[in-house]
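Undergrad: So the sequences go chain by chain: F and P. Sequential numbering from 1 applies to the first sequence in the UniProt record's numbering. Sequential numbering from 1 applies to the second sequence in the UniProt record's numbering.
In short, the hints are calculated from the structure, not lab data. Treat the hints with care, since some could be wrong.
Anything over 12 Å on all C-beta distances counts as not near chain F; from chain P, calculated [what the hints assert, rightly or not]:
no.	residue
1	N79
2	R87
3	L89
4	H93
5	Q107
6	I134
7	K264
8	F265
Distance condition first, Cα-Cα at most 25 Å in a straight line; then the derived DSS-like pairs of lysine-lysine [claimed, not checked]:
no.	chain 1	residue 1	chain 2	residue 2
9	P	K45	F	K80
10	F	K117	P	K115
11	P	K108	P	K50
12	P	K65	F	K80
13	P	K116	P	K157
14	P	K176	P	K157
15	P	K157	P	K206
16	P	K206	P	K50
17	P	K115	P	K50
18	P	K65	P	K50
19	F	K80	P	K50
20	P	K124	P	K222
No residue lacks a Cβ here, since even glycine has one placed at the ideal position from N, Cα and C.
As a plain string of letters, each chain reads:
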Amino acid sequence: MKICITSQGNNLDSEIDPRFGRCKYFIFVDKDGLEFEAIQNPNVEARGGAGIQSGQLVAGREVEAVLTGNVGPNAFETLKAANIDVITGLSGTVKEAIARYKKGEFEVTQGPSVSSKFGLPS
Amino acid sequence: MIVSIASGKGGTGKTTVATSFALATKNSQLIDCDVEEPNAHIFLKPRREKRVTVSIPIPKVDLTKCNFCGKCAQICAYNALAVLNDRVLVFPHLCHGCGGCSLLCMQKAINEVDKKIGIVEIGKANGVAFVHGILNIGEVMAPPLVRAVKQNINTSKTVIIDAPPGTSCPVIEAIKGSDFCILVTEPTPFGLNDLLLAVEVVRKMKIPFGVVVNRADLGDRKVDTYCEEENIPVLMRIPFDREIAMSYSKGIPLVTAQPIYYRKFTNMFEIIKNHVCVYSSKGNLELVD
């Protein structure tokens with residue numbers, strides 16, 4: 001199983017992207033090692049439903065948890081249906097978030113943290 | 001002839017113009033396409049003859065047939081579907097009802113079910129044939145309802161369409177196919193700003209148009225200057241007048257409160273009719289004095 005972190009850059013020293021559906025990169029990390037894969041998010045410019053598409057993308061990669069800043073209602077529903085834990089409210093670097101996740105510092109979010117269209121560029 | 005009444009800005013007087021125009025025009029039909037907040041019926045008080053429920057088809061997935069290929073989610077332009085390992089999620093509020101997903105499903109796992117989005121009501125008021133649509137509260141899919149309203153257009157009549165304000169999909173759907181568009185504005189910086197946006201829309205859609213200036217003695221002269229520079233005909237000016245405001249506040253149509261306006265509206269009709277004739281014969285917009 002892997003965890004997925006929304007990131008503003010393509011490596012572990014990048015800052016966490018506060019948006020889920022429209023984050024710049026998804027970083028997938030194997031829980032045991034520091035092997036990672038960064039994927040550019042194709043849904044950044046989606047007119048609508050970015051969270052659903054991103055949720056589907058993440059769900060297709062055997063992920064047990066998503067670490068992000070915020071998640072909207074459609075993305076939350078998609079991730080929940082795929083039995084993926086969602087952890088919100090994160091900032092700092094991807095590396096720090098992974099370390100804290102491993103130590104079990106986070107609590108799983110019980111609902112969406114923002115409303116629809118939150119991640120749209122203003 | 002189909003004449004639509006639009007504006008970039010809300011509250012400029014579209015419905016005031018549309019209802020009085022309909023009352024002053026012989027053999028007219030008023031179509032209220034402002035389905036999010038229809039209000040022409042308040043002026044016209046039509047007697048309702050028919051009410052129809054309008055639905056759009058949304059997908060329902062039969063998981064016993066689905067092989068989770070993901071094609072339905074891929075082709076959905078509005079991302080209304082998510083295909084996961086063992087289930088498919090449908091987000092009805094994002095679905096535009098195009099039917100593409102069920103058409104392309106090789107497994108025939110997608111059935112379409114109706115989702116009610118609103119109603120269309122048809123009636124008659126003082127000789128004016130009347131149609132309007134009412135969108136359900138919380139429903140975002142206005143264009144399909146506008147299309148359903150417009151299916152009741154009777155081309156043997158002079159059709160007057162009251163469009164919603166703005167410049168987005170519901171407006172485009174409402175004014176599409178019009179022979180002429182009246183843009184109602186007011187002589188303020190706000191009126192001008194939104195008039196410019198509305199002009200861009202009708203120019204892009206190649207609909208001949210003119211302007212009605214409401215509350216014409218308020219504000220500044222910039223709307224007039226703009227119309228002169230751009231050769232846009234100003235079809236009518238309605239002053240900022242206490243009597244007009246009072247009849248409006250009681251829901252009385254302008255032409256009923258002030259019968260002198262009958263003539264102004266019939267004149268406007270003649271101008272537009274000539275305009276449409278000139279346009280259709282020459283293929284370009286010409287200013288008619």
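Undergrad: Each hint should be assessed against the structure and marked as holding or not.
TA: Here's how the hints hold up against the structure:
Distance to chain F contradicts N79(P) as a non-interface residue, since its nearest Cβ pair spans about 2 Å, not more than 12 Å. The Cβ of R87(P) sits about 6 Å from the closest Cβ of chain F, inside the 12 Å cut-off, so the non-interface label is violated. L89(P), annotated as away from the interface, has a beta carbon of chain F within 12 Å; the closest lies near 6 Å. Distance check on H93(P): its Cβ comes as close as 9 Å (rounded) to a Cβ of chain F, failing to clear the 12 Å threshold; non-interface status is violated.
Listed as a non-interface residue, Q107(P) keeps its Cβ farther than 12 Å from every Cβ of chain F; the least gap is roughly 18 Å. Chain F leaves I134(P) outside its interface by the beta-carbon criterion, the shortest separation being 24 Å against a cut-off of 12 Å. With a least CB separation of 43 Å from chain F, K264(P) remains clear of the 12 Å interface cut-off, as annotated. Non-interface status of F265(P) relative to chain F is upheld: no Cβ of that chain comes within 12 Å, the nearest being about 41 Å off.
For the suggested pair K45(P) and K80(F), the alpha carbons sit about 50 Å apart, so the restraint of at most 25 Å is broken. For the suggested pair K117(F) and K115(P), the alpha carbons sit about 23 Å apart, so the restraint of at most 25 Å is met. For the hint linking K108(P) to K50(P), the alpha-carbon distance of about 37 Å lies beyond 25 Å, and the restraint is violated. Distance check on the hinted pair: K65(P) and K80(F) sit about 23 Å apart at the alpha-carbon level, within 25 Å; holds.
Distance restraint check for K116(P) and K157(P): the Cα-Cα separation of roughly 30 Å exceeds the 25 Å cut-off, and the hinted pair is therefore not satisfied. With a C-alpha separation of about 17 Å, the suggested pair K176(P) and K157(P) falls inside the 25 Å cut-off, and the hint holds. Proposed proximity of K157(P) and K206(P) is supported: the alpha carbons are some 23 Å apart, at most 25 Å. The suggested pairing of K206(P) with K50(P) is violated, with an alpha-carbon distance near 34 Å, which exceeds 25 Å.
Distance restraint check for K115(P) and K50(P): the Cα-Cα separation of roughly 20 Å lies within the 25 Å cut-off, and the hinted pair is therefore satisfied. Simply put, K65(P) and K50(P) have alpha-carbon atoms about 41 Å apart, too far for the 25 Å limit, and the pair is violated. A distance of roughly 45 Å separates the Cα atoms of K80(F) and K50(P); the hinted pair therefore is violated under the 25 Å criterion. For the proposed pair K124(P) and K222(P), the alpha carbon gap of about 40 Å is over 25 Å, so the pair is violated.
Checked against the numbered hints given earlier, the structure breaks hints 1, 2, 3, 4, 9, 11, 13, 16, 18, 19, 20 and satisfies all the rest.
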